[in-house]
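J.: Here's the letter readout for the chains.
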Amino acid sequence: MKAFSVFIAIGVILVTVFWLSALAYALGAVLGDWAWISNLAILLLGFVMIIATLLTLAERKWSAMIQDRIGPNRATIDVPGLRGRAFGGLFHVATDALKMLFKEDFRPKNADPLLFNLGPILAFAPVLALFAVVPVGPQVTARIFGFSHQVGLQVSNPDFGMLWVLAIASLAVYGTSLAGWASNNKFALLGGVRASSQMISYEVALGLGLVGVMMAFSSVRLPEIIGGQATHLWGGVTNVPGLGAIDFGIPAWGILLQPIGFVVFFTAAFAETKRAPFDVPEGESEIIGYFVEYSGMKFGLFMISEFAEVVILSAITTDIFFGGWQLGFGGDAALTRALGPEHGILLGSLYATIFWIKVLVLCYVQLAIRWTFPRFRYDQIQNLGWKILLPQALANVFVTGALLLFDPSLKMLAIVGFLEIGFVLALAAKTSTDETDHAGDDAHLPADAHGQASTAALPGAAAASHH
Amino acid sequence: MAYDASKNPSGDLRERLYLPELIRGLAITTRHFLRNLFNPRDVNSEVQERKGANLVSTVSYPEEKTPYPPGYRGLHRLVPREDGKPRCVACYMCATICPAQCIYIEAGEYATQDPASESRVIEKFPTQFVIDELRCIVCGLCVDACPKDAIRMDTGLHTPSEYNRAGFVWDIPKLLQGPPVSHPSDPWSKRPSSAPPPHQHAEAHTRIGEGLVQLKLPPGEHHKRTEVTDQPVPVTRFLKD
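Top line first, the protein sequences correspond to chains G and F.
By our numbering, the letter at position 63 of the first sequence is numbered 63, and the numbering carries on one by one without gaps.
By our numbering, the letter at position 17 of the second sequence is numbered 17, and the numbering carries on one by one without gaps.
Derived by calculation from the structure, the hints in this document are not laboratory data.
A few of these clues could be false.
Lysine-lysine pairs mimicking BS3-like chemistry, simulated, CA-CA at most 30 Å apart [what the hints assert, rightly or not]:
#, chain 1, residue 1, chain 2, residue 2
1, G, Lys2, F, Lys174
2, F, Lys124, F, Lys148
3, F, Lys124, F, Lys51
4, G, Lys2, G, Lys103
5, G, Lys2, F, Lys51
6, F, Lys85, F, Lys51
Every value quoted in this text rests on a predicted model; they were computed, and no experiment measured them.
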């Protein structure tokens, strides 16, 4: 019964996403060249802000489930039909927002009034502005009520594409350091310093992690990177009786071509969002951070900008490494052929729904990472940024360049990528012989045989582990 | 999965690479998440007896309550007679032995003309029987002291919360609850012969906690009482996965 209600909830979310995307396409068709207005309203204020708001609840509810708790379930609305039903804690979002709006907006006596007010604005605005270049749905010919226009779900598609992301992301550091400075509080200042040093350190790795992708697809514009990922590395058109020609193949997704780039970018972006395990600047209950003096909705802005960063990081990662809105593996050709180009809005909305599904899965991964890993120490953060991620990103750039020169068809790059992914997955799947309490994992094999099999498969790993 | 601290992690390639361990950690987290998301929560208040794949062990008080252990001394009750009046004869023994001095009794006497005192088997009764539940230390000495089995601590309840102190001072209407009890030794059931008493009397003598007599509780309160066995309670049953 519970599984049924979970599926209903997922269905409601997907239908909402689909209709909101369809609305964006329809408005774009009506507005024509002014479609960026509807995209601005629906993508930024609609999708990003709604998902970020719901993530504040998801953070609490999902962490509860991860930790075998129940989570928020006490806020209910006292009207007939809704009485006594918590809807998974949905009303806690409303109570949180109301609480923040009506709390006293307190400013310390000696705080700088201008900078103190500017802090949350400067922390929040760049985060939202990041999303302007992120494409959500493909360019389709949208027809509705006699209007017909080429519409793509992207606010703006400048030539500098991804460079805008990197440039604006580095602006967010002003918000945090200003908040720490203007509060006139030593702990807040220290928190701001920690935040700015961490964010600036990881900016280098953040940019270098993406260089490999930019080289592979020879563009910094996100729609072109998504278009590059539509090509198939291997595979081709096969004729299946009854279904016609099916174009099945392995897509050139960024994660397959650039696994190291993905890890470096994702880690660095994680540090930019200042979330666990990189939450040394501000650790909710333990570490006094840069917004300790903020109350009410100003604190809420810092909070919501953190969750908006989660959404936007997921969206950018989806676009660059997970094929954007594409189904992949030949599904796109089938989808396009099944619907036909005349159903532009339907096709675009389906693609946008696929995009948002990927984004939500990545949001879950980010939240799960927070509730899986302990916080890094400050020196570990700097070590990871400068001594591990930066050399790794640089080496990745050179290796990618060499492989692209050697084989411009990306196949060699993909083979190296597969080897890297396979190596990590094999290490992750390898169960050591002393873990006897994982009966479920080893049930099909005696522990000895399993251990020998995996060590035989990985001579290098076995040698390293016996040092 | 306990962490083996004697092992040097720097020699393990998997831990040095960090990423494989990261993936394994995420797998554990996600397994917990999915199990708790898709499986209904077992609301059995005996947490160690919960079945099912859901791992949540919360008892959602006050909708769900854990039963008290069988030896628990619950809230007092004044035991009624068959005619609904308290069995108490106002002898002051409980008030005298009470170390917290929380029992206050005022004794009354039946008039000679009173039908209740037809045979003069009951002479005294409490006009006031008040227990200050805030002072009570739940030691149970009053129950042992009572010669008439008139006060018991077998309700299995704890003192409910109140808004002021006066609410914790319980008088006869609040204390008098549960099934009526009569004993063969009661003066109003004196037998003409010396034959052994009927079986139900022997039953009534035993404690309600042993389950021989059903305790009538106020409606809406359902309490599960744990079976008492000689077996030790396996503590490891709390540990799932």
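J.: Look at each hint and say if it fits the structure.
T.: Each hint tested on the structure:
no.	hint	in the structure
1	Lys2/G - Lys174/F	42 Å, violated
2	Lys124/F - Lys148/F	12 Å, holds
3	Lys124/F - Lys51/F	55 Å, violated
4	Lys2/G - Lys103/G	37 Å, violated
5	Lys2/G - Lys51/F	15 Å, holds
6	Lys85/F - Lys51/F	46 Å, violated
Of the hints listed earlier, those the structure fails to meet are numbers 1, 3, 4, 6, in rising order.
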